[in-house]
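K.L.:
What follows is the residue order along each chain.
Protein chains: 2
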Amino acid sequence: MAASPSPTLSRTETLNLSGLAVVCAVILTRSFENGEGEPLIASLCFSGLAFAASYAMIRWLGPTFVNAGLKGRDMSKVNNKHYLPECMGAICAVVYLFTIIVFILIPFYKDIVVATSGGGNRDVVMNIEYVQRGRLLHKFPHSKLASFLSAIISLHSITILGFGDDLFDIRWRHKFFIPAFASIPLLVVYFVDFGVTSIVLPTFLQPYAGRELLDLGVLYYVYMAALCIFSPNSINILAGINGIEVTQSIVIAALLALNDILYLTTPYPHPATDSHLFSLYFLLPFLGVSFALLAHNWYPARVFVGDTYCYFAGMVFVVVSILGHFSKTLILLLLPQIFNFVYSTPQLFKLIPCPRHRLPHFNARTGLLEPSVTRWAPDEQPHPVVVRALRLLARLRLLSLKEEQGLVQESSNFTILNLWLVWRGPMREDRLATEITLMQLVLGLFGLVVRHKLALLIFREDNLDLRSVV
Amino acid sequence: MAASPSPTLSRTETLNLSGLAVVCAVILTRSFENGEGEPLIASLCFSGLAFAASYAMIRWLGPTFVNAGLKGRDMSKVNNKHYLPECMGAICAVVYLFTIIVFILIPFYKDIVVATSGGGNRDVVMNIEYVQRGRLLHKFPHSKLASFLSAIISLHSITILGFGDDLFDIRWRHKFFIPAFASIPLLVVYFVDFGVTSIVLPTFLQPYAGRELLDLGVLYYVYMAALCIFSPNSINILAGINGIEVTQSIVIAALLALNDILYLTTPYPHPATDSHLFSLYFLLPFLGVSFALLAHNWYPARVFVGDTYCYFAGMVFVVVSILGHFSKTLILLLLPQIFNFVYSTPQLFKLIPCPRHRLPHFNARTGLLEPSVTRWAPDEQPHPVVVRALRLLARLRLLSLKEEQGLVQESSNFTILNLWLVWRGPMREDRLATEITLMQLVLGLFGLVVRHKLALLIFREDNLDLRSVV
Numbered sequence: 001m002a003a004s005p006s007p008t009l010s011r012t013e014t015l016n017l018s019g020l021a022v023v024c025a026v027i028l029t030r031s032f033e034n035g036e037g038e039p040l041i042a043s044l045c046f047s048g049l050a051f052a053a054s055y056a057m058i059r060w061l062g063p064t065f066v067n068a069g070l071k072g073r074d075m076s077k078v079n080n081k082h083y084l085p086e087c088m089g090a091i092c093a094v095v096y097l098f099t100i101i102v103f104i105l106i107p108f109y110k111d112i113v114v115a116t117s118g119g120g121n122r123d124v125v126m127n128i129e130y131v132q133r134g135r136l137l138h139k140f141p142h143s144k145l146a147s148f149l150s151a152i153i154s155l156h157s158i159t160i161l162g163f164g165d166d167l168f169d170i171r172w173r174h175k176f177f178i179p180a181f182a183s184i185p186l187l188v189v190y191f192v193d194f195g196v197t198s199i200v201l202p203t204f205l206q207p208y209a210g211r212e213l214l215d216l217g218v219l220y221y222v223y224m225a226a227l228c229i230f231s232p233n234s235i236n237i238l239a240g241i242n243g244i245e246v247t248q249s250i251v252i253a254a255l256l257a258l259n260d261i262l263y264l265t266t267p268y269p270h271p272a273t274d275s276h277l278f279s280l281y282f283l284l285p286f287l288g289v290s291f292a293l294l295a296h297n298w299y300p301a302r303v304f305v306g307d308t309y310c311y312f313a314g315m316v317f318v319v320v321s322i323l324g325h326f327s328k329t330l331i332l333l334l335l336p337q338i339f340n341f342v343y344s345t346p347q348l349f350k351l352i353p354c355p356r357h358r359l360p361h362f363n364a365r366t367g368l369l370e371p372s373v374t375r376w377a378p379d380e381q382p383h384p385v386v387v388r389a390l391r392l393l394a395r396l397r398l399l400s401l402k403e404e405q406g407l408v409q410e411s412s413n414f415t416i417l418n419l420w421l422v423w424r425g426p427m428r429e430d431r432l433a434t435e436i437t438l439m440q441l442v443l444g445l446f447g448l449v450v451r452h453k454l455a456l457l458i459f460r461e462d463n464l465d466l467r468s469v470v
Numbered sequence: 001m002a003a004s005p006s007p008t009l010s011r012t013e014t015l016n017l018s019g020l021a022v023v024c025a026v027i028l029t030r031s032f033e034n035g036e037g038e039p040l041i042a043s044l045c046f047s048g049l050a051f052a053a054s055y056a057m058i059r060w061l062g063p064t065f066v067n068a069g070l071k072g073r074d075m076s077k078v079n080n081k082h083y084l085p086e087c088m089g090a091i092c093a094v095v096y097l098f099t100i101i102v103f104i105l106i107p108f109y110k111d112i113v114v115a116t117s118g119g120g121n122r123d124v125v126m127n128i129e130y131v132q133r134g135r136l137l138h139k140f141p142h143s144k145l146a147s148f149l150s151a152i153i154s155l156h157s158i159t160i161l162g163f164g165d166d167l168f169d170i171r172w173r174h175k176f177f178i179p180a181f182a183s184i185p186l187l188v189v190y191f192v193d194f195g196v197t198s199i200v201l202p203t204f205l206q207p208y209a210g211r212e213l214l215d216l217g218v219l220y221y222v223y224m225a226a227l228c229i230f231s232p233n234s235i236n237i238l239a240g241i242n243g244i245e246v247t248q249s250i251v252i253a254a255l256l257a258l259n260d261i262l263y264l265t266t267p268y269p270h271p272a273t274d275s276h277l278f279s280l281y282f283l284l285p286f287l288g289v290s291f292a293l294l295a296h297n298w299y300p301a302r303v304f305v306g307d308t309y310c311y312f313a314g315m316v317f318v319v320v321s322i323l324g325h326f327s328k329t330l331i332l333l334l335l336p337q338i339f340n341f342v343y344s345t346p347q348l349f350k351l352i353p354c355p356r357h358r359l360p361h362f363n364a365r366t367g368l369l370e371p372s373v374t375r376w377a378p379d380e381q382p383h384p385v386v387v388r389a390l391r392l393l394a395r396l397r398l399l400s401l402k403e404e405q406g407l408v409q410e411s412s413n414f415t416i417l418n419l420w421l422v423w424r425g426p427m428r429e430d431r432l433a434t435e436i437t438l439m440q441l442v443l444g445l446f447g448l449v450v451r452h453k454l455a456l457l458i459f460r461e462d463n464l465d466l467r468s469v470v
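Protein sequence lines, in the order shown, are assigned to chains A and B. Taking my numbering, the leading residue of the first sequence gets 1, the next gets one more, and so forth. Taking my numbering, the leading residue of the second sequence gets 1, the next gets one more, and so forth.
Certain hints may be false.
Note that identical chains are pooled: a pair holds if it fits in a single copy or bridges any two copies.
To be verified - Computed cross-link-like contacts, BS3-like style, restricted to lysine-lysine with a CA-CA straight-line distance of at most 30 Å:
1. K453 x K77
2. K144 x K71
3. K453 x K71
4. K71 x K81
5. K175 x K71
6. K402 x K350
7. K328 x K77
8. K402 x K453
9. K81 x K453
10. K144 x K77
11. K144 x K402
12. K175 x K77
13. K175 x K81
To be clear, the hints were calculated from the coordinates, so they are not data collected in a lab.
Kindly generate the complete structure, drawing on both the sequences and the hints.
P.N.:
Printed below as a string of structure tokens:
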């Protein structure tokens with residue numbers, strides 16, 4: 001089933017990838033020749049190039065990774081003797097980082113051309129407004145450069161630390177804090193360059209607080225750090241079956257991008273246009289490299305993504321949402337991850353024994369995945385309170401529990417993947433990945449609707465509501 | 001001789017490191033309490049903390065690196081059966097990066113306090129001049145933030161790529177271009193944020209050119225990219241004996257820092273003060289982590305530094321010198337590396353066979369290093385032109401050549417380390433490292449004197465000459 005990927009591209013692949021790369025390069029060049037340099041189109045082209053580069057490099061570098069010891073076996077396959085390259089998300093991260101670094105030139109292109117009189121004399125700066133004739137969509141203030149760079153530094157940091165995790169196999173309780181380190185650049189630059197730590201209070205709370213804005217001060221940094229820790233880790237623990245790390249990331253990125261597009265297509269330029277352009281510039285290339293990875297990681301997987309990818313994906317979401325000031329929207333889109341984390345806590349905090357791997361159990365006879373279980377020996381029964389809690393969860397259909405003569409035999413492991421199998425019965429690996437992904441998509445779409453339709457109930461204005469901002 | 005380092009710190013080491021860390025932390029806190037936040041003192045404290053952190057982590061993580069396959073044997077020792085941790089420079093790089101990221105807060109501290117009215121309202125910005133009473137030394141313009149961040153991104157990139165090199169053992173002809181990739185962030189941000197591509201022409205050329213400044217345009221970027229490629233690689237090829245990679249880097253960093261201090265101690269604030277403060281902020285923590293590495297890499301080495309360190313060191317020099325606009329000074333300090341590179345070209349470009357390793361030959365009987373040689377079989381004699389060139393070099397004492405009956409027997413390998421051994425005779429590894437380091441130091445000091453005393457002959461004004469700038 002799961003075969004090691006050939007380190008060379010097939011003829012069709014080479015043709016398709018080269019074709020894509022050429023088309024992207026041509027559009028990119030032409031958009032510059034027209035003096036347009038429309039950043040969004042450029043971003044799409046860069047994303048196409050990033051897809052092609054990642055796709056090819058994942059194939060070419062597979063054996064190199066295996067030789068360096070970055071390899072693993074697929075535990076949910078019948079024939080799993082040989083090793084597959086592990087940590088291929090590192091390739092995506094590096095391609096992504098170089099793409100986004102080169103891309104910086106584009107949104108600032110107009111500013112550079114306008115602001116420099118020939119030989120790069122930066123003293124003569126004309127107001128961009130005078131020259132700009134297009135929509136606000138074109139505009140990208142120069143002050144955003146620091147955001148751009150701090151976002152890149154945080155993503156760099158998470159790549160280095162994530163790669164270290166994959167290589168050195170850091171313990172779970174240590175690696176939980178890896179994203180905290182990577183959040184430092186983001187928080188430091190946020191502090192230096194923005195320092196906005198106020199949030200809008202819901203209307204029903206405003207009479208009590210006596211104000212509309214609440215300055216959280218240091219707490220705001222704690223909140224941002226918590227989000228930086230949670231998002232990457234939450235992606236990392238919803239894992240274990242082929243493709244699931246990548247598909248959930250693609251869904252979240254696509255929904256964030258959809259949300260951005262809503263702001264860019266309002267009849268009048270929206271004040272948050274810049275933030276959402278910024279967000280799109282980071283999300284589109286991420287989608288590019290993720291699809292390249294998915295092509296190799298989808299069932300039956302020919303490569304593994306590694307913790308690097310999960311951390312990296314989670315961090316991309318955090319940097320765009322923090323620097324774009326829509327972190328609450330991100331939380332809304334992470335609902336399945338939040339559920340999975342909360343649901344996992346009994347095992348994460350060792351209230352229930354937690355085996356090294358909790359991925360669904362592969363039944364080699366049927367070829368289907370079944371919920372994996374924690375077995376309870378007769379002499380190592382859970383605490384009576386735990387037994388009662390387990391029974392309650394089982395009654396609520398939040399657990400599969402097997403008891404015999406008053407003794408707990410086995411309980412399913414506390415992950416959303418196992419729970420889904422409890423609900424829906426055994427199924428093949430790719431079907432499980434598809435269903436979970438669809439669930440993430442439907443919940444996310446629903447979340448966005450709630451976000452924009454119902455926000456007016458608890459906040460004075462929705463970001464998409466123009467009456468209050470025009 | 002060379003023993004694997006103990007993964008725990010001795011009691012004395014723990015005491016000393018903790019003491020150092022506490023002292024640094026106390027000074028740091030007190031300087032903030034005084035409302036001073038003097039960035040240079042803070043930078044020294046951060047460097048001390050970086051030293052302590054690297055020192056401890058090099059010890060703690062040694063076995064982890066060995067287990068992950070990052071290990072090597074010391075070829076110049078009698079008892080070299082066991083493996084030493086390789087690539088420990090990666091630890092230094094990561095510690096350095098996090099140090100410098102957190103440090104960003106300091107130079108901007110005053111600006112933040114001044115510019116924000118309480119709750120982080122960035123709209124009310126007061127001119128820093130009104131509040132600042134101290135010397136210009138205190139001042140750090142906010143516009144420097146982008147330089148800071150782009151420098152960090154370049155260093156991040158070189159760390160990722162250098163680590164990839166150490167892990168995947170990339171071929172020489174490919175890895176030569178690794179720094180080129182890492183230079184992209186620097187060049188992109190330079191283009192976006194500065195765009196100054198003019199250089200001052202030497203006075204004797206000015207009548208011919210009819211101007212004082214020459215705009216190099218694109219060529220300036222080629223020049224910067226070339227420097228980015230050369231500096232890291234030149235450190236990387238002056239390697240092969242215990243400690244030499246670190247000591248040469250320390251000497252270059254110290255001389256650059258000395259050069260910076262010259263600008264900060266002029267009787268009147270020098271216009272380039274900011275650039276040189278910026279440079280010091282990057283060099284001091286680099287010295288911190290380098291000394292921690294040297295303590296373990298000096299003869300007899302207990303860890304190896306890896307290509308990561310060499311690339312990283314070279315890139316630190318490039319970013320400070322490019323963003324500080326003193327790249328010519330860097331070239332002056334890299335003279336031994338330039339000589340080593342030019343001298344190596346016959347082998348690098350395969351005019352003379354180039355063995356995998358060209359490090360000096362260890363004579364196990366005497367315990368001394370001797371020049372390593374390329375042997376010429378009677379039926380594989382060099383081309384007559386090459387023979388003539390070899391003889392010329394030998395006569396100039398730039399080569400040791402052994403001939404017998406008109407046939408070339410062996411010629412010493414083309415590295416400065418072997419040449420030094422040809423000149424000075426066999427010597428112990430640490431003595432060779434010391435002598436080469438001293439040579440680098442003396443040449444560098446001489447270079448700085450030439451730079452500041454003789455610059456007036458070919459340029460209208462020296463940077464340290466104040467008559468023209470006050």
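K.L.:
When the hints from earlier in the document are held up against this structure, which numbers fail?
P.N.:
Failing hints, ascending: 1, 2, 3, 7, 8, 9, 10, 11.
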